[in-house]
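Peer 1: As a plain string of letters, each chain reads:
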Amino acid sequence: MTEPLLRVEGLRKHFVLKKGFPKPRTIRVRAVEDISFSIEPGQAFGLVGESGCGKSTAARALLRLIEPDAGRVLFRGEDVLTAKGQALKALRRRIQIVFQDPYSSLDPRQSIGSALTEPMRVHGIATGAEARRRAAALMEEVGLPPSALDRLPHEFSGGQRQRIGIARALTVEPELIIADEPVSALDVSVQAQVLLLLRELRQRRGLSFLFVSHDLSVVRWFCDRVAVMYLGRIVEEGPAARVLANPLHPYAQVLRDASPIPDPSRRTALPRILGEIPSAANPPPGCPFHPRCIHAMPICSQQMPAWTPAPGEKAGGVACHLVG
Amino acid sequence: MKALLAKVWANPMTFLGALLCLAIVLAAVLAPWIAPYDPADQDIISRLQPPGGAYPFGTDQFGRDILSRLLWGARISLTVSLGAIAVAVVIGGTIGMLAGYIGGTFDLLVMQVMDVLLSFPSLILGLIVVALLGPDLINLVVAIALTAIAPFARVARAPTMALKERAFVEAGRALGFSHPRILFRHILPNIMSEVMVMASLWMATAVRVEASLSFIGLGVKPPTATWGGMTRDGFENILDAPWLAILPGLAILLLVLGLNMVGDGLRDATDPRLRQE
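In order, the protein sequences belong to chains H and D.
Heads up: the first sequence runs through residues 1 to 324, numbered per full-length UniProt numbering.
Heads up: the second sequence runs through residues 1 to 277, numbered per full-length UniProt numbering.
Source of the hints: derived by calculation from the structure; they are not laboratory data.
Quantities reported herein were computed from a predicted structural model and do not represent experimental measurements.
There's no promise every hint is true.
[Said to hold, decoys possible] Computed list of lysine to aspartate or glutamate pairs in EDC-like fashion (alpha-carbon distance at most 20 angstroms, straight line): (1) H/LYS18 <-> D/ASP107; (2) H/LYS18 <-> H/GLU67; (3) D/LYS164 <-> H/ASP101; (4) H/LYS89 <-> H/GLU173; (5) H/LYS314 <-> H/GLU40; (6) H/LYS19 <-> D/ASP107.
[To be verified] Computed, partial: chain D to chain H, Cβ under 10 angstroms: (7) GLU165; (8) LEU175; (9) PHE177; (10) ILE187; (11) ASN190.
Note that the Cβ used here is the ideal one computed from N, Cα and C, for glycine as well.
The following block holds chain H by itself, in its conformation from the complex (with noise of 0.2 angstroms):
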């Protein structure tokens, strides 16, 4: 077997906050309490859940802009986590990020062209003319005009601007892109283009990418792989076709019946899901997802159920105790 380009092992990241006065108490928020996936090159692999559960947490801290309490992450086999220097400059070369809201991931005061050939020059990938050159091209790539390059960041709508920070990702050539829900904050027409776009880029220059939504449509359609968190926990995992049509998790199940069909004569009744998503201050006792759960049994809130392989290959696997 190759070795993927991305191994998660164990990542855990809790915050802690201290509250009250005279005699503080501890509050331990676990955003991410245990995650493990893997990336294979070329691939693009959805991570999905509720606000809240995670997700963002955990693209972060595969980065080290937050610094994860624990786990490892192989980035083809080298350690991230415990990389310092320049092996972290070389590697955050190659791992790239796009983000939720285009308003705040640019610079106001620096010019799109300042912007696009900054991060070549501190890599040492190009300088002066030649460092224009290529912004140029990266911005004709993403579908905004050379010229653009002398503008600053609020001449732009909010698609425009999440395209330039995606030809910033693409100024250090990375293999991989970590897409934080990329196209939640703009409109739906515009959501089509941006996803069109990264999908050109993913076929163009054979990018992988862990994409990180809540929109089940949007992660059906761009990708491979999905990864289903609940309480900073993956609860279930495999193809996309697979997870999203026929979750074996309850949990996913649910999430499945929430994402609207656009088709009158499926319309059903929405699914029931009771409760609200606990704090991940205070996680229950067991599957985390049992006081919701309408399967849930008195196992389920005694013990955290296993990770158990789905049928087939590759197929993924789940931790519920209804399986396996």
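Starting from the structure of chain H, add chain D where the hints point.
Peer 2: Leaving out everything else, chain D in the frame of chain H:
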């Protein structure tokens, strides 16, 4: 930026303030050429002359020309306050940016020190420093700068903390930018407007503190002409020759007023609630 300047000039008060400041700066720069007399030249025959005639603003008790002394005094006021604010902006701004960017215990410690500095009125703090170091131009700059460091640290820290959370800073980190690069190339340009507004307002305070220190004899030593020193000298003859104290006092007032008007205008123009970006 152009829109910002247009907004600044649209306010007549700001414009007036800028004119005032410009006039005083010009007077200070051109003093050696436009001053009718040497500011230290004593003409004991024509001492305590009222304004008018050969001495447009009169003479003091040593027969020195008040107009010439005012023009030369403007140089001291502007040099000391500009120097002090420049030093305070650089040091205070850097401290504030670092505190805001690094955060945690470092932020806590540094800002506690700044709060202690802030708790002294600037005149008292200036007094202590000058009393310790002795009165001369450089020490005056140091003293006034010291009083202004804490406010600049505060003003730089808050927007730095806000900007640090923006995705473009994270993007910089992901692109492998060093912390100094992020701080000075990306955060600094974005906090400059806040800092510069603060600087123009604090210029006025610096002028006031310099004048106050000179007034109580802790400024640049005589015979150098300073507005504060002239006001104090004039005080001795306030009943016979009131213009001796009033004219330099008026000069201080006009400069402080002009600087405040410019500062207010800049602040209003850069107020995020009014800004359309």
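Peer 1: Does each hint fit the structure? Answer for all of them.
Peer 2: Verification of the hints:
1. H/LYS18 <-> D/ASP107: Holds - the C-alpha atoms of D/ASP107 and H/LYS18 are around 17 angstroms apart, at most 20 angstroms.
2. H/LYS18 <-> H/GLU67: Status holds; Cα separation ~19 angstroms.
3. D/LYS164 <-> H/ASP101: Satisfied, since the Cα-Cα distance of roughly 15 angstroms is no more than 20 angstroms.
4. H/LYS89 <-> H/GLU173: Distance of about 13 angstroms is within 20 angstroms: holds.
5. H/LYS314 <-> H/GLU40: holds (12 angstroms)
6. H/LYS19 <-> D/ASP107: holds (19 angstroms)
7. GLU165: Since the shortest Cβ distance to chain H is 8 angstroms, the answer is holds.
8. LEU175: Since chain H brings a Cβ to about 5 angstroms from D/LEU175, closer than 10 angstroms, the hint holds.
9. PHE177: holds (6 angstroms)
10. ILE187: D/ILE187 check passes; min Cβ-Cβ to chain H is 9 angstroms, inside 10 angstroms.
11. ASN190: Since the shortest Cβ distance to chain H is 6 angstroms, the answer is holds.
In this structure, every one of the numbered hints holds.
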